[in-house]
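Participant: Just so you know, the protein sequences line up as chains A and B, in that order.
Position one of the first sequence corresponds to residue 1 (this note's numbering), numbered consecutively onward.
Position one of the second sequence corresponds to residue 1001 (this note's numbering), numbered consecutively onward.
Keep in mind that the hints were calculated from the coordinates and are not lab data.
Possibly wrong hints are sitting among the right ones.
One-sided excerpt, in silico: chain B residues whose CB lies under 8 angstroms from chain A [unchecked claim]:
hint, residue
1, 1003
2, 1013
3, 1071
4, 1075
5, 1079
6, 1085
7, 1101
All residues carry an ideal CB built from backbone N, CA and C; glycine is no exception.
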Amino acid sequence: MIEAQGLTKRYGDKIAVDDLSFTVNPGRVTGFLGPNGAGKSTTMRMMLGLDNPTRGSVTIGGKRYTELHHPLRTVGALLEARWVHPNRSARAHLSWMAKSNKISPKRVDEVLDIVGLTEVAGKRAGGFSLGMSQRLGIASALLGDPEVLLFDEPVNGLDPEGILWIRKFMQRLADEGRTVFVSSHLLSEMALTATELVVIGKGKLISQSTTEEFVARATDSTVKVRSPQLDRLRPALEDIGATVTESDGGLLVSGASSDKIGELAMENRVTLHELAPQQGSLEQAFMQITGDSVEYHTDIDTADAAAASAAATN
Amino acid sequence: MTLLAVERIKLLSTRSPWWCALTALLLTGGFTALVVSNTSPQFPATVASTQFAYSFGMAVIMVLATLAVTTEYRFGTIRTTFQAVPNRTAALLAKTSVVALIALLIGEVMAFLSWGLSMAIKPEADLALNSTADWLNVAGVGPVCALAAVVAVAVGILVRHSAGAISLVLIYFLAAENLITLIPEIGDDIYKWMPFNVAHKFVTGDGESAGGAAFGQPLSTSTLSPWWALAYFAGFAVIMLVVALATARKRDA
């Protein structure tokens, strides 16, 4: 279990993390979401005692990281896959880590096997592809068989098979009762992996809830309607107070359930070609909720772009 | 103990310590060979002359020591180190110890290699290690290299940047101290107490190992006795290390 209380980090004038308080529970995968520059990596570094908080604290199982004895056996973390000396072999890298926390050398071979790097264990890490470096990082997180796992962008550089593997793997780790905390930008992947979400923006907590709640809260539930007699249906819908907008070949209705729309159509002798409740996507929810907290904006109109990509995947 | 083993694994699983050791040995050995083979009755081969090149080797060793810590910062493995061992002081102290031990080893090997090479080149010269001064001249190279390595590690921890730290260490060691003597009036007095000058006193003493020969490597101007000189240099190294460790502990990784 990870607990952050009033966590604050200030670099000179800039406040990177502002009074952050949240809890990460065991037994499930918790996603850590936020736009660029929101303070995710800073928060994770503070969890591992690498950066000192200006105020507040973060504890793992009730203790600060620096108070843990043999910390790799309690917390395993992958922050940056490239933090390996390029001339060192993968095995040597894991060996020194294992030795420092009195982890048996056999474990090194075990984790290499789990991530599938046994054949290249003796090769220098500088020659690894991004995917292989990522897997080495995951291996080092697993080294101590820890009950808490922190992953910062773990799917970065993995091919689809790798992405599926890490997703299933994280879920299996969570099922074993461990605490799994994953930060990522890949919203579609997050929606499939995480059951709880901690969302931050500009250093502040925006929300902490389950993934479903987050999506439901942020997106309106709408129903897509297609019909040859839309001109009769539209006024009827507006009469009952629903909001109607045009949308490629049909109408998007919000404020009325699909049941109600179906009955209304029957009453007005309107044939329905499509009556589809629209599930909000995590991407839309994310854009909507974190809209003002993006640190470094681009010029693309993000709301339209999100709606367009959501429509494309539907 | 475990931490020492960890640092040993880390240091010896990269290529730089092996290359540095080789370079130090070749450099000192080669230069010594050149010096000793060109000795003559006016410039005789003495025990002191076998160790003229020790500062070259020491410079290489200091580069090795600095790199041992700056490459960790460069490749980000310092964060992995502090993740595995949150007690930063213990981790960095272990690293310094391992580097100092290796520096001691390389220093002694290079000193005795130069001495042995000289005996092979000029077998008729009196190069036996008879007096304390002779022994200090040859075997004293090791401890001085070890302490110099500690200083270099401390600079590496403070500066963190490979090129910057190495430049600082080399320029100071090879040039800066000597330039102090150019300061009018007080330059020579300050120079008497400059750390590497004092360290040189430990190795060369008052010139007894040179048998009173007039030429050669300038002697140290320090007024301390050789053993006190070593203590002074050790004190300097310890102070540098303490400052470095305190800084590393407080700042962000």
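Participant: Would you mind marking each hint as holding or not holding in the structure?
Facilitator: Hint by hint, here is what the structure shows:
no.: 1; hint: 1003; verdict: holds, 7 angstroms
no.: 2; hint: 1013; verdict: holds, 4 angstroms
no.: 3; hint: 1071; verdict: holds, 7 angstroms
no.: 4; hint: 1075; verdict: holds, 5 angstroms
no.: 5; hint: 1079; verdict: holds, 6 angstroms
no.: 6; hint: 1085; verdict: holds, 6 angstroms
no.: 7; hint: 1101; verdict: violated, 17 angstroms
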